[in-house]
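Enquirer: Generate coordinates for the entire structure from the input sequences, incorporating the hints supplied.
Chain order of the listed sequences is L and F.
At position 86 of the first sequence the residue is numbered 86 (UniProt numbering), and the sequence of numbers has no breaks.
At position 98 of the second sequence the residue is numbered 98 (UniProt numbering), and the sequence of numbers has no breaks.
Hints should not be assumed to be uniformly reliable.
Chain copies aren't distinguished; within one or between two, either way the pair holds.
As the list claims (entries may be wrong) - For lysine-lysine, the following DSBU-like pairs were computed, each having C-alpha atoms within a straight-line distance of at most 35 Å:
1. 170 x 6
2. 170 x 8
3. 211 x 10
4. 102 x 55
5. 141 x 80
6. 176 x 134
7. 220 x 134
8. 130 x 31
Think of the hints as simulated: they come from the structure by calculation, not from any bench.
These figures come from a predicted structure and were not determined experimentally.
2 protein chains.
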Amino acid sequence: MELVYKGKTKDVYLDENGQTVLYFKDDMTGKDGVFDPGENQVGLKVEGSGKAGLKMTSFFFEKLNSADIPTHYVDSDVEKREMRVKKINIFGEGLEVICRYKAVGSFIRRYSSYIEEGAELPAYVEVTLKDDEKQDPFITKDALEALNILTADEYSEIADLTVKISEVVKEELAQKGLDLYDIKLEFGRDQDTGEVLLIDEISGGNMRVYKDGENIEPLKIVDYLFDNK
Amino acid sequence: MELVYKGKTKDVYLDENGQTVLYFKDDMTGKDGVFDPGENQVGLKVEGSGKAGLKMTSFFFEKLNSADIPTHYVDSDVEKREMRVKKINIFGEGLEVICRYKAVGSFIRRYSSYIEEGAELPAYVEVTLKDDEKQDPFITKDALEALNILTADEYSEIADLTVKISEVVKEELAQKGLDLYDIKLEFGRDQDTGEVLLIDEISGGNMRVYKDGENIEPLKIVDYLFDNK
Numbered sequence: 001m002e003l004v005y006k007g008k009t010k011d012v013y014l015d016e017n018g019q020t021v022l023y024f025k026d027d028m029t030g031k032d033g034v035f036d037p038g039e040n041q042v043g044l045k046v047e048g049s050g051k052a053g054l055k056m057t058s059f060f061f062e063k064l065n066s067a068d069i070p071t072h073y074v075d076s077d078v079e080k081r082e083m084r085v086k087k088i089n090i091f092g093e094g095l096e097v098i099c100r101y102k103a104v105g106s107f108i109r110r111y112s113s114y115i116e117e118g119a120e121l122p123a124y125v126e127v128t129l130k131d132d133e134k135q136d137p138f139i140t141k142d143a144l145e146a147l148n149i150l151t152a153d154e155y156s157e158i159a160d161l162t163v164k165i166s167e168v169v170k171e172e173l174a175q176k177g178l179d180l181y182d183i184k185l186e187f188g189r190d191q192d193t194g195e196v197l198l199i200d201e202i203s204g205g206n207m208r209v210y211k212d213g214e215n216i217e218p219l220k221i222v223d224y225l226f227d228n229k
Numbered sequence: 001m002e003l004v005y006k007g008k009t010k011d012v013y014l015d016e017n018g019q020t021v022l023y024f025k026d027d028m029t030g031k032d033g034v035f036d037p038g039e040n041q042v043g044l045k046v047e048g049s050g051k052a053g054l055k056m057t058s059f060f061f062e063k064l065n066s067a068d069i070p071t072h073y074v075d076s077d078v079e080k081r082e083m084r085v086k087k088i089n090i091f092g093e094g095l096e097v098i099c100r101y102k103a104v105g106s107f108i109r110r111y112s113s114y115i116e117e118g119a120e121l122p123a124y125v126e127v128t129l130k131d132d133e134k135q136d137p138f139i140t141k142d143a144l145e146a147l148n149i150l151t152a153d154e155y156s157e158i159a160d161l162t163v164k165i166s167e168v169v170k171e172e173l174a175q176k177g178l179d180l181y182d183i184k185l186e187f188g189r190d191q192d193t194g195e196v197l198l199i200d201e202i203s204g205g206n207m208r209v210y211k212d213g214e215n216i217e218p219l220k221i222v223d224y225l226f227d228n229k
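Expert: Encoded structure:
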């Protein structure tokens, strides 16, 4: 396979048929060896995290595809840590769409004058630009329009999909006694059909999950989800 | 008069009739002696800036009141640097509403991957929370709703007023050959009628103004406006 792009937690390849394959690495975002989904850099290497991330991603992407929520997922080989995906175009240089159910992380750092840490939020959606140098600046719907990154309709479509997808993940975790506090999603446009698709991954590395008020590490989420716990 | 509140560039008094009076000081926001409307601290003291700020504010607030755009302005005494205003309640702990016609300042610092410095923006409106400690964090319409600071309707009303007011200022400056790049406004709610009002001031200290691509200092804007130039 031909290496096309080296990412922080995944590499992108083209296979012999020209299909796009994502390879899940054992790298996680964080700082000083501590996992943080809000971090921009690779902070730690954890053996088994690539496989666990792909197992969870495959589980959710298959679930979403069956529920007619469009994703870029085609199929996966968890042992080989490979996921085949549709070819997409990203919006601008990439967006991160966050859905928040509890006020934690950067939300509480910004708005603690108005809300208690851990207070409920109503599936609140916000967007940041993927821009490591500028530390993923926060951007409004109006600025996304002004900068020709998204139209107002595209914004609404992505925000609606974000809430739908987050609800699926939240309910699935709730069945295992876990609380989803927030989740970070990415979207792209199908190169063939133009359809807006969920891309990237849904793994422990993209979300903050708690159980009885205690934070659950990304790799433990997989254990709960597949009843290895 | 009784001092009620000491602000960065204005103090608030109650006069003998219980009316609210703003006293315009000679302090300007900036850093290291250089004026910057985006700064949160008093950076310089300039003799005459209080009077100039009030002269410009009175001019625009009277113009807006006659155009049925509601402001908190009652009347002013420029020599005494006093402005009498209606009693208002602020939204949350105060908001700053920015209208941008050109990509400069914090906008370009955030989004320079997508737009050239100085490029045109279509009266783009964004909101920050007044919170010195957190350096006035940027906030979306949805977060303002989630934190019960504004309803969706109040947001729309304030955004519409912001564009209307900014257009008045922009046109007035254009008649003197000046280009308005951005402007920062504040709003409150009339304690008696509940009406949303423009509050605070419209002075050189709240805006970035250029002439033939050269930045014009706040105090010089007043000179151009009143043909002392």
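Enquirer: For residue 141 vs residue 80, is the C-alpha pair at or below 35 Å within one copy, between two copies, both, or neither?
Expert: Answer is neither; intra-copy 39 Å and inter-copy 44 Å both fail.
Enquirer: Within a copy, between copies, both or neither: where do residue 176 and residue 134 come within 35 Å Cα-Cα?
Expert: Neither: 37 Å inside a copy, 37 Å across copies.
Enquirer: Should residue 170 paired with residue 8 be assigned to within, between, both, or neither, using CA atoms and 35 Å as the limit?
Expert: within (26 Å within a copy, 46 Å between copies)
Enquirer: Up to 35 Å between alpha-carbons, please classify residue 211 paired with residue 10: within, between, both or neither.
Expert: within (28 Å within a copy, 49 Å between copies)
Enquirer: Between the shortest in-copy and the shortest cross-copy C-alpha distance, which are at most 35 Å for residue 220 and residue 134: within, between, both, or neither?
Expert: both (31 Å within a copy, 34 Å between copies)
Enquirer: Within a copy, between copies, both or neither: which one fits residue 170 and residue 6 at a CA-CA cutoff of 35 Å?
Expert: within (30 Å within a copy, 48 Å between copies)
Enquirer: When no copy is specified for residue 102 and residue 55, does a C-alpha distance of 35 Å or less occur within a copy, between copies, both, or neither?
Expert: within (26 Å within a copy, 47 Å between copies)
Enquirer: Evaluate residue 130 and residue 31 at a C-alpha cut-off of 35 Å and name the case that applies: within, between, both or neither.
Expert: both (18 Å within a copy, 30 Å between copies)
Checked against the numbered hints given earlier, this structure breaks hints 5 and 6; the rest are met.
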